Amino acid sequence: MLKLDKVSKVYKVGTFGGKELRAVNEVSFDIKDGEVVALIGESGSGKSTIGKMILRLISINSGAIWFDGVDVAAIEKGALKEYYRKVQGVFQDPFSSFNPIFKADRVFQIIHDEFYPETADAEWSTRITTALEAVGLNPGTVLNKFPHQLSGGQLQRILIARALLLDISILVADEIISMLDASTRIDVLNLLADLKHRGLSILFITHDLSLANYISEKAVILYRGCIAEMGTTHKIFDHPLHPYTKMLMASVPRLDKKWEDGKVELKTRQAEDVAGCIYYERCPLADKALGCDRHTPALLEVESDHFVACFAV
Amino acid sequence: MSLKVDNLRVYYQTLHGDVKALDGVTFNISDGEIMGLAGESGCGKTTLGHSLIFLNLPMRFVEGRVSLDNAELPIWDMEKMNDFRFKKISIIPQYAMNAMNPTRKIGQMISELIESRGVSYKSILPELHRRLDLVNLSHDVLALYPFELSGGMKQRMVLVISTLLNPSLLIADEITSALDVSSQKAVAEMLVEFRDREFVKSMIVITHDISILYQIADSILVMYAGKLAEKASTETIIRSPRHPYTKLLISSLPEVGVKYTDRILLGIPGNPPQLLDPPVGCRFQERCPFAFERCSEEPPFIEVAENHFVACWKEHEQDA
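Protein chains in written order, with the working numbering: chain A, 16 to 328; chain B, 376 to 695.
Since the hints were derived computationally from the structure, they do not count as laboratory data. No false leads were mixed into what you were given.
To be clear about the criterion: a stretch of chain A counts as covered by chain B if any three or more of its residues have a C-beta under 8 Å from a C-beta of chain B, and this derived list gives those stretches:
(1) 200-212
(2) 223-230
Listed next, the stretches of chain B that the computed footprint assigns to chain A, with coverage defined by at least 3 CB atoms under 8 Å from CB atoms of chain A:
(3) 554-564
(4) 584-598
(5) 626-634
(6) 638-649
Owing to the predicted nature of the structure, the values given are computational and were not obtained by experimental measurement. Backbone N, C-alpha and C define an ideal beta-carbon position, used for all residues, glycine too.
Sequences are here, hints too, so could you generate the full structure?
Quick look at the structure:
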């Protein structure tokens with residue numbers, strides 16, 4: 016239902032915008048109905064940029080995003096509201112998503128005024144109650160409160176409830192649990208799983224692989240704007256093939272075993288356009304004989320529903 | 376014994392009264408020990424870290440004694456603490472990424488900082504270079520402004536600066552939380568390396584991420600609502616925790632490889648109590664699945680096995 020087709024985003028950087036930074040480079044994947052797709056990568060991999068492009072917060076340089084057969088970039092201003100009825104986002108920092116001067120439930124009022132002005136107040140409050148209950152909040156404890164009186168987990172859930180009021184079909188969840196405590200984190204994750212069973216599609220953007228594995232069916236691993244590996248989550252987690260994915264897996268702190276020795280190859284400073292594989296500088300398998308330094312590996316299907324972009328595989 | 380904290384109480388002054396953020400905390404850290412300090416937000420872990428080095432308003436020192444290497448720390452006296460700060464006890468604050476002066480080149484900032492402590496920059500420069508190599512930063516960063524560095528690089532830079540005078544105790548407050556998994560691992564391993572090379576004698580690593588502590592800490596102290604809940608070796612806390620809060624905290628972490636379709640993990644229902652007017656007795660009783668009558672009295676923090684301290688009546692009664 017949502018399809019990204021060779022989407023690229025180039026930022027102008029440098030003092031006079033003379034240099035270019037390719038934040039997202041020809042990324043293609045799709046999200047089906049009721050599917051949770053995890054978008055995983057380090058900081059600077061372009062994962063949030065993709066989320067923002069889907070939400071039309073920033074423009075696309077080339078390629079297209081298709082939503083139910085409609086080109087998202089071509090939607091006219093007037094019709095954009097209809098798009099936002101279906102597609103909504105929730106972001107990392109719940110505290111900065113609210114205006115601290117107003118009560119938190121003002122976000123519901125805005126939805127009412129903007130999208131459902133014909134709905135009667137009484138009916139609207141029952142809808143709010145239903146939405147809040149759906150995200151596991153007690154309306155009595157969260158309504159009529161200022162943002163600072165609520166916890167991060169509660170605010171994050173209010174934002175999800177706000178998205179639910181719109182009867183959305185896609186939720187872009189950009190690092191929504193990384194600011195939450197371990198004890199509330201899992202509740203928000205379970206809530207997403209719950210929503211998925213009601214037919215909602217979710218793009219789950221994260222750098223935490225264990226969370227991605229817990230919730231998603233499909234995973235897309237990004238490195239510097241390019242897809243390194245993509246496919247069914249359990250296939251990627253059981254047999255990671257790309258050296259970058261393997262490195263990420265090995266870096267996850269886990270409770271059942273200690274880190275293996277071996278230093279992490281850290282990110283070098285963003286080089287200018289490199290000719291070969293973008294992971295070349297950090298890759299333990301890099302081999303000039305394979306052409307890693309000269310050619311960009313294509314994303315190939317190594318088994319059904321498991322794609323890897325690496326010459327060494 | 377490197378650090379000794381005895382019955383430390385630090386409250387926050389507010390218009391509505393004192394917020395009892397740190398309410399009677401007693402523990403020791405041995406030489407060479409990396410102690411992890413874990414708990415939910417608002418449990419007092421950052422307050423504990425800050426009160427040991429920079430106890431400023433609205434924090435108010437109520438009572439307690441702290442000694443470092445057998446010398447008493449005058450933590451209630453901002454002036455006197457200057458003799459200890461940076462030399463004996465140092466901190467990497469939360470959001471260390473923004474801790475550097477944006478208007479100075481990093482080298483110049485270090486020079487001003489070092490000279491304010493009566494050490495010449497020239498004499499320390501060779502050591503500074505060695506340590507930059509150790510954390511994988513080029514010597515050129517000294518001529519750069521902080522904004523020219525990435526988050527992970529700044530975090531490593533602050534690690535080097537804070538430990539430059541070889542303090543006895545380093546407090547690392549949530550230093551890995553804002554980093555992605557690969558930089559997280561690198562920074563965490565550098566902490567261990569700095570300890571192994573004896574740049575720092577002992578450390579308090581504050582984080583809400585217990586899985587990081589499992590990788591690097593020797594012991595873990597779990598706090599809840601301004602009180603200590605449990606302290607033991609890392610292995611004991613992870614494998615056989617005895618306080619119900621520790622148990623729930625660990626079981627709520629998603630393990631690698633678990634999917635919600637196989638097994639649904641559960642969080643801890645409820646919220647921590649308000650510390651303005653904390654409940655009498657055990658502060659976890661409202662959320663505790665095992666709470667019984669005795670919990671309305673305050674459970675003491677006592678040693679139930681060697682080096683394993685727990686504050687829970689259920690445990691104490693079983694032992695009795």
